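4 protein chains.
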Amino acid sequence: MLSFEKAQEFYRKVRSQSVALASPLSAEDCCVQPAEEASPTKWNLAHTTWFFETFLLERWEKPFHPFDVNFRVLFNSYYNAVGEKHPRPQRGMLTRPSLDQVLHYRRNVDQRLLNLPERVWKDPEFHNLLELGLNHEQQHQELLLTDQKLLFSYNPLAPAYHEVDLSRTPSRTQGAALSWKSFPEGMVHLGHTGEGFAFDNETPQHRVFVNAYQLASRLTTNAEYAQFVDQGGYQDPQYWLAEGWDWCQKSKRTQPLYWRKQDGKWYEFTLWGLGELDPVRPVVHVGYFEADAFARWAHARLPTEAEWENAAQSVPLTGHFADSGEYHPRPAPEGELVQMLGDAWEWTSSSYSPYPGYQAAPGAVGEYNGKFMVNQYVLRGGSCATPEGHIRKTYRNFFPTWACWQFSGIRLAREL
Amino acid sequence: MLSFEKAQEFYRKVRSQSVALASPLSAEDCCVQPAEEASPTKWNLAHTTWFFETFLLERWEKPFHPFDVNFRVLFNSYYNAVGEKHPRPQRGMLTRPSLDQVLHYRRNVDQRLLNLPERVWKDPEFHNLLELGLNHEQQHQELLLTDQKLLFSYNPLAPAYHEVDLSRTPSRTQGAALSWKSFPEGMVHLGHTGEGFAFDNETPQHRVFVNAYQLASRLTTNAEYAQFVDQGGYQDPQYWLAEGWDWCQKSKRTQPLYWRKQDGKWYEFTLWGLGELDPVRPVVHVGYFEADAFARWAHARLPTEAEWENAAQSVPLTGHFADSGEYHPRPAPEGELVQMLGDAWEWTSSSYSPYPGYQAAPGAVGEYNGKFMVNQYVLRGGSCATPEGHIRKTYRNFFPTWACWQFSGIRLAREL
Amino acid sequence: MLSFEKAQEFYRKVRSQSVALASPLSAEDCCVQPAEEASPTKWNLAHTTWFFETFLLERWEKPFHPFDVNFRVLFNSYYNAVGEKHPRPQRGMLTRPSLDQVLHYRRNVDQRLLNLPERVWKDPEFHNLLELGLNHEQQHQELLLTDQKLLFSYNPLAPAYHEVDLSRTPSRTQGAALSWKSFPEGMVHLGHTGEGFAFDNETPQHRVFVNAYQLASRLTTNAEYAQFVDQGGYQDPQYWLAEGWDWCQKSKRTQPLYWRKQDGKWYEFTLWGLGELDPVRPVVHVGYFEADAFARWAHARLPTEAEWENAAQSVPLTGHFADSGEYHPRPAPEGELVQMLGDAWEWTSSSYSPYPGYQAAPGAVGEYNGKFMVNQYVLRGGSCATPEGHIRKTYRNFFPTWACWQFSGIRLAREL
Amino acid sequence: MLSFEKAQEFYRKVRSQSVALASPLSAEDCCVQPAEEASPTKWNLAHTTWFFETFLLERWEKPFHPFDVNFRVLFNSYYNAVGEKHPRPQRGMLTRPSLDQVLHYRRNVDQRLLNLPERVWKDPEFHNLLELGLNHEQQHQELLLTDQKLLFSYNPLAPAYHEVDLSRTPSRTQGAALSWKSFPEGMVHLGHTGEGFAFDNETPQHRVFVNAYQLASRLTTNAEYAQFVDQGGYQDPQYWLAEGWDWCQKSKRTQPLYWRKQDGKWYEFTLWGLGELDPVRPVVHVGYFEADAFARWAHARLPTEAEWENAAQSVPLTGHFADSGEYHPRPAPEGELVQMLGDAWEWTSSSYSPYPGYQAAPGAVGEYNGKFMVNQYVLRGGSCATPEGHIRKTYRNFFPTWACWQFSGIRLAREL
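Protein chains in written order, with our numbering: chain A, 1 to 416; chain B, 1 to 416; chain C, 1 to 416; chain D, 1 to 416.
Hints listed in this document are in silico derivations from the structure and should not be mistaken for laboratory results.
Among the hints, erroneous ones may be present.
In silico EDC-like cross-links for lysine to aspartate or glutamate, where the CA-CA straight-line distance does not exceed 20 Å [said to hold, decoys possible]: (1) A/K250 with D/E37; (2) C/K252 with A/E118; (3) D/K85 with A/D246; (4) B/K13 with B/D110; (5) A/K250 with A/E36; (6) C/K250 with B/E84; (7) D/K181 with D/E336; (8) D/K250 with A/E36; (9) D/K252 with B/E84; (10) D/K62 with D/E125; (11) B/K85 with B/D68; (12) A/K6 with A/E118; (13) B/K6 with B/D123; (14) B/K6 with B/E195; (15) A/K250 with D/E36; (16) A/K261 with A/E243; (17) B/K85 with C/E276; (18) D/K261 with C/E84; (19) B/K85 with C/D246.
Distance windows between CB atoms, simulated [claimed, not checked]: (20) C/R260 with A/K261: 32 to 40 Å; (21) A/K261 with D/E118: 53 to 61 Å; (22) A/D100 with B/K62: 43 to 51 Å; (23) C/P156 with B/V73: 39 to 47 Å; (24) B/V73 with A/K261: 12 to 20 Å.
Computed footprint of chain C on chain D; a stretch qualifies when at least three of its residues, placed anywhere within it, have a C-beta under 8 Å from a C-beta of chain C [unchecked claim]: (25) 95 to 106; (26) 155 to 164; (27) 328 to 339.
Keep in mind it's a predicted model, so treat the numbers as computed, not measured.
Cβ atoms here follow ideal geometry from the backbone N, Cα and C, with glycine treated the same way.
All chains should be built: construct the whole structure from the sequences, respecting the hints.
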């Protein structure tokens with residue numbers, strides 16, 4: 001449990017980072033919802049604040065004065081136990097409250113929370129919910145970037161979220177060659193143990209038996225994926241799961257979400273705008289179906305989450321994260337197992353399901369994770385849009401098979 | 001044909017009115033698209049400007065320098081002959097260009113146009129396209145109000161577009177009683193003759209034989225329509241066209257678009273915000289199916305456009321229009337035939353079809369009207385959101401049967 | 001009013017004709033529903049029988065014994081006033097009752113009806129409903145053929161409904177050249193007057209003023225339409241109504257419903273099976289959008305129903321009907337105005353709307369026509385699948401713009 | 001490997017059983033497709049025959065004479081490698097070939113296959129494909145029953161597939177009480193080993209570590225499930241996965257697929273027709289979402305497939321299967337672990353995924369299983385519609401979460 005001072009510092013740091021992420025954006029940019037599954041930046045800013053007001057202030061502020069009673073409904077995402085919620089597909093209709101009012105709401109809640117007595121901050125229940133709220137907000141920081149990228153991608157002007165000094169970010173040089181790292185069969189421990197914060201879906205720790213396997217030393221690159229595309233991978237059903245093939249046909253997908261072909265050359269839309277596809281950077285924004293099809297084409301497969309977590313135990317908890325301010329993956333460095341953390345979320349072949357003995361938290365926050373454990377697949381390792389302190393080796397992200405708007409990439413696995 | 005000075009004055013007046021209409025709105029309000037059939041205010045402001053740049057400046061400015069080549073595609077609405085166009089359902093994705101840039105675009109085009117030599121302004125072709133462009137812009141002024149109203153209606157905060165001094169606008173007093181005015185059978189002339197501006201769909205003037213008929217002296221009121229609702233009108237198929245009944249079931253419509261029931265009382269969302277339903281004002285925002293069902297319930301029917309236009313010839317070209325700045329219909333004054341112009345568009349039973357001998361204009365502007373002449377119905381008379389100088393007795397507005405977001409109301413007709 | 005004997009003879013003839021039409025079909029053929037808007041043959045056979053049981057036997061049979069109470073719901077098409085009805089899209093799920101049981105139902109109702117006392121048959125109310133029922137059944141005879149054709153068209157085996165002796169049906173010879181017949185402006189009478197049976201939608205007779213116009217001497221041929229197709233007519237938006245263009249894109253329509261291209265040659269699926277497209281026969285199975293686009297391409301337009309009916313008054317009530325047993329249109333004979341009756345229904349540009357003074361019949365049969373008077377267009381003249389005695393010059397058929405599965409064709413009109 | 005005689009006997013038995021299952025049905029019953037995911041009985045009869053013709057006769061018959069070249073496409077289900085296939089949603093449009101022709105096709109293929117020389121039958125490759133084909137046909141026998149049940153359920157007449165002598169089938173007596181059987185933690189072997197036929201998805205055998213757990217002694221009964229329904233289980237989101245809750249709302253599901261409430265009493269549609277819900281029989285035709293919600297309501301959970309298979313190793317391979325000819329589950333007998341095999345497929349919480357080291361068979365039959373391993377859940381144990389000889393303890397059935405038309409039921413599990 002963090003000390004009072006550390007907790008307040010952590011709170012200030014996370015909360016101000018959200019505002020910083022919105023700073024390159026206009027009020028218009030922050031208001032529009034690009035798709036039902038994505039949210040406007042303004043909504044992300046307000047909803048994360050709603051979380052603190054609803055789950056902390058409402059309980060520990062005496063007397064409790066909501067900033068605006070309407071916000072209770074407007075910025076509830078999916079907590080049925082908390083009451084009514086504004087329909088998800090209409091988040092982008094909320095031109096009011098304005099961005100300024102939402103920023104005001106943030107400052108108001110911050111002040112009220114930081115002014116709560118020290119003994120409240122030392123209450124373990126408060127502390128747990130505070131940590132949950134801050135980790136929740138970090139998740140929305142990543143979503144803010146990916147949702148905004150999706151929105152900009154629909155604009156023919158291909159606006160850049162920010163200008164990046166390309167000299168800072170290595171590129172278009174020779175990339176690291178792919179090698180395979182072997183892991184022996186055996187019993188492995190999966191999941192989080194008591195130390196530090198973790199989401200409930202990472203618990204309880206439990207034993208899993210895994211066969212011997214190999215993992216690719218690095219993420220799949222754009223060059224490798226482009227070969228799959230250029231050799232007709234999207235036109236040949238033999239590589240695809242049946243449902244993935246249907247998805248390709250219906251959505252007319254012939255390449256990753258943000259790739260564009262112009263005059264016979266591949267371009268990629270990034271948060272820096274539209275640029276030539278960099279062959280040595282990892283492919284990102286591929287869905288589960290695409291990752292699985294590529295793996296089959298490459299005579300390999302996706303790893304299970306047990307294989308991934310077992311391998312991750314051998315590497316340091318470092319990588320290329322959002323803290324670099326680049327928000328795009330970097331080429332792989334040399335090494336026998338690199339890019340496990342950061343750069344791109346790695347699709348696993350594991351369906352998102354409860355660990356043996358899993359119990360959802362009691363009350364409304366119990367709706368955080370458990371109710372999504374069906375028809376989604378686990379991604380591991382964090383990305384270039386994940387805050388560094390947010391990731392863990394036991395961290396389980398999850399998305400449906402069709403989801404492509406996250407920084408999701410591919411690490412291959414194969415039998416020994 | 002207007003003199004050079006009058007034409008420039010007309011241009012300035014219409015163009016500045018669009019900007020004035022957007023002035024109570026934030027950049028966020030102007031950016032969001034409430035539905036596929038409606039457009040963001042920013043898009044309305046840009047598209048009307050695109051019209052002048054494309055159809056006038058491109059031809060008469062020497063040399064022609066487009067403000068921004070991307071705008072050529074972004075703000076084309078539906079003119080296939082002009083080239084590519086941005087997909088209609090994605091107009092709300094354009095957070096860039098910003099509202100400020102669009103206002104800059106407007107000023108730029110205005111300046112370039114007003115600086116064209118006097119002889120250009122006196123060129124009849126230029127003059128015709130200018131008039132078309134200004135009438136087109138007036139149409140979008142009305143759409144700006146109704147699109148914005150639709151957007152605000154989706155916001156649980158029920159924002160008001162503007163505050164209205166209710167003392168100025170008569171209300172909740174005793175309304176005028178309904179009487180019936182008779183018209184004899186005979187040959188009537190329908191459509192516009194040569195004097196002044198008219199859209200191509202109002203021409204050519206032609207003869208139509210009409211049987212004797214009666215028209216209601218005024219628009220149907222909220223009180224009258226509420227009776228239909230409260231007596232189960234939306235639950236009884238006998239009043240509805242078969243397709244209208246299906247529409248009711250599918251859209252779960254049980255009352256007009258902007259009516260809300262709270263604690264057993266009817267409220268109405270207006271551009272002034274949410275308020276108690278005023279029984280004596282005209283019902284508005286009903287679709288064709290609703291207007292037709294109400295008429296059947298009232299043992300009457302909707303008028304044909306020939307009946308309407310014939311009757312309109314007997315009244316002065318005055319009424320309650322957008323120029324009042326109220327943007328909501330007023331209660332009917334006393335009189336044997338009132339509210340024919342202004343207050344609310346009146347659904348006719350006439351399908352929108354070409355007049356005998358109709359010829360679409362040559363070139364891209366020929367796509368203005370003709371290609372929509374199917375599966376839509378004619379509305380007549382203008383509304384409280386129509387600029388006064390814009391309306392004519394021969395004016396044909398048209399919308400599909402399900403469209404409710406215009407200020408569309410009901411005038412009953414019946415056989416003699 | 002028909003005499004007792006003539007009425008019984010008419011009844012027997014129409015009723016046995018329905019059974020005859022089903023005789024080339026297996027029970028399986030009769031059971032399946034090809035689309036929501038089309039019905040299985042078995043359903044057509046049962047529903048027409050339901051009409052007599054419900055509207056005649058229930059009232060005049062003493063005491064009334066329904067054949068099967070379940071059939072009251074199963075075979076109600078759309079009469080809300082009669083009670084519950086089986087959902088339209090599920091008509092094809094009814095593998096029970098079997099075809100044999102439905103044929104038994106037919107014989108049972110026939111017997112009970114024919115056994116009603118002579119004085120009942122002479123009751124004018126009975127007589128009117130009997131005539132309505134028989135005309136209703138004749139409509140379903142045409143639908144039986146077109147619905148069955150639609151079903152067979154989905155079968156890769158392209159089954160033939162029947163074998164036709166092609167020597168009997170002139171073909172692939174030189175077709176009649178197209179000429180234009182002129183009609184002067186003037187007041188014309190539209191609609192049915194008192195003599196003989198007519199549907200309520202043909203009444204009351206009324207006056208319409210029409211401008212001078214010209215009509216094509218015959219129907220548009222396959223050769224003419226193929227030119228439109230082969231010259232890119234389906235790829236060029238300038239020919240299409242905006243909604244028609246959208247319909248083309250969405251439905252990926254590039255040719256008429258039953259045309260197939262094999263090895264660069266056009267084939268047509270007919271009730272005789274798949275055969276080479278006959279250039280001199282009329283094009284059929286085109287929808288309103290296609291008819292309208294073809295007309296624009298041909299620098300002509302579709303006639304109004306007033307223009308059509310006025311012209312029809314000058315020709316004899318003869319033509320190529322279902323009675324030939326061919327069920328496919330014939331090439332046009334020579335003549336200055338031919339094929340007005342029979343061969344193919346002719347799309348008019350007139351929206352289906354009530355005639356001035358129209359009153360729906362009281363009671364459930366009032367749902368027959370009136371409630372469909374919106375968003376549909378009038379077709380005139382009958383087709384090669386219409387029983388000869390069924391057609392009138394005042395007859396108004398109607399279908400939505402996208403409907404193609406009837407024998408619907410094109411007669412061009414133009415201004416003088 | 002079976003001897004020549006045993007193999008021929010097995011072939012004859014399975015093949016004749018399919019025809020026997022269709023014998024209570026009319027040609028009409030066999031022709032109609034109740035839903036996109038279900039097939040007409042005639043199609044099931046033809047497709048299973050196509051399998052033998054395509055994968056066996058085409059290779060071993062010299063020279064090979066296909067019965068009808070059109071059938072190659074018409075009755076291909078989903079084997080892309082074999083060539084074109086008729087679109088799945090249109091299987092019900094095939095009124096031709098007739099049922100008689102399909103039965104003729106069956107006899108023809110049977111004769112040709114049985115007449116192949118003994119040495120062909122002794123070829124291990126032939127034998128393997130023969131076994132696969134017969135197991136495939138047994139799967140379609142179960143589908144034939146469930147598809148036909150679905151079709152009949154849409155008929156308001158609620159037809160019975162067959163009459164059952166209810167005295168033969170125990171019912172509405174006191175059911176066995178539910179108890180819990182415990183299993184210790186440990187390493188278990190999952191999957192098929194070399195002996196006898198198995199599908200590729202049951203291989204390879206591998207080790208899985210399972211925690212200690214308990215399984216319910218029997219299937220969940222109708223009475224138990226009715227309590228969940230009657231206490232508002234379908235109206236309370238706390239019991240449901242988020243996607244399951246959405247599914248409930250969209251599909252308006254408030255009870256299992258075949259339950260009907262009449263006059264306050266529950267009825268169930270069965271292959272014997274509509275009857276009162278039998279409280280002691282197992283609930284069937286629940287989807288994954290329903291099974292999971294019920295388990296949560298009951299403070300339990302669904303078992304994993306490892307838990308299920310481990311438990312199954314302790315029971316004999318007997319149960320209530322299709323061979324009884326009842327096609328409806330029986331009440332549970334007394335016992336500490338009963339109904340593991342037969343009666344109802346048991347939903348597991350395991351996503352359908354490849355076993356470690358899984359390899360799809362080479363060639364077209366490799367499309368049999370592997371390409372469906374996503375977004376589906378595993379069911380275990382077979383049902384009252386499964387042929388007895390067809391089931392194994394390692395057998396993995398799989399369906400999407402929304403699928404309800406199989407005899408799928410619930411066995412609860414919980415932590416120790």
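Going down the list of hints, with the structure as the test:
1. A/K250 with D/E37: holds (18 Å)
2. C/K252 with A/E118: Outside the cut-off at roughly 68 Å; violated.
3. D/K85 with A/D246: It holds: about 14 Å lies between the C-alpha atoms, which stays within 20 Å.
4. B/K13 with B/D110: holds (11 Å)
5. A/K250 with A/E36: Answer holds: A/K250 to A/E36 is near 18 Å, not above 20 Å.
6. C/K250 with B/E84: holds (18 Å)
7. D/K181 with D/E336: holds (7 Å)
8. D/K250 with A/E36: holds (16 Å)
9. D/K252 with B/E84: Violated: D/K252 and B/E84 sit about 43 Å apart, past 20 Å.
10. D/K62 with D/E125: With Cα atoms ~17 Å apart, D/K62 and D/E125 stay inside 20 Å; holds.
11. B/K85 with B/D68: holds (15 Å)
12. A/K6 with A/E118: holds (12 Å)
13. B/K6 with B/D123: Satisfied, since the Cα-Cα distance of roughly 14 Å is no more than 20 Å.
14. B/K6 with B/E195: Since the Cα atoms of B/K6 and B/E195 sit roughly 17 Å apart, the hinted pair holds (cutoff 20 Å).
15. A/K250 with D/E36: Holds. A/K250 to D/E36 sits at ~16 Å (cutoff 20 Å).
16. A/K261 with A/E243: Violated, at roughly 26 Å.
17. B/K85 with C/E276: violated (40 Å)
18. D/K261 with C/E84: At roughly 18 Å apart (the allowed maximum being 20 Å), C/E84 and D/K261 satisfy the hint.
19. B/K85 with C/D246: Holds - the C-alpha atoms of C/D246 and B/K85 are around 14 Å apart, at most 20 Å.
20. C/R260 with A/K261: 32 to 40 Å: holds (33 Å)
21. A/K261 with D/E118: 53 to 61 Å: holds (59 Å)
22. A/D100 with B/K62: 43 to 51 Å: Between A/D100 and B/K62, where Cβ atoms are some 45 Å apart, the hint holds.
23. C/P156 with B/V73: 39 to 47 Å: Given a distance of about 43 Å, which is inside 39 to 47 Å, the answer is holds.
24. B/V73 with A/K261: 12 to 20 Å: holds (19 Å)
25. 95 to 106: holds (count 5)
26. 155 to 164: holds (count 4)
27. 328 to 339: Our answer is that it is violated, as 0 residues pass the Cβ test (under 8 Å) against chain C, missing three.
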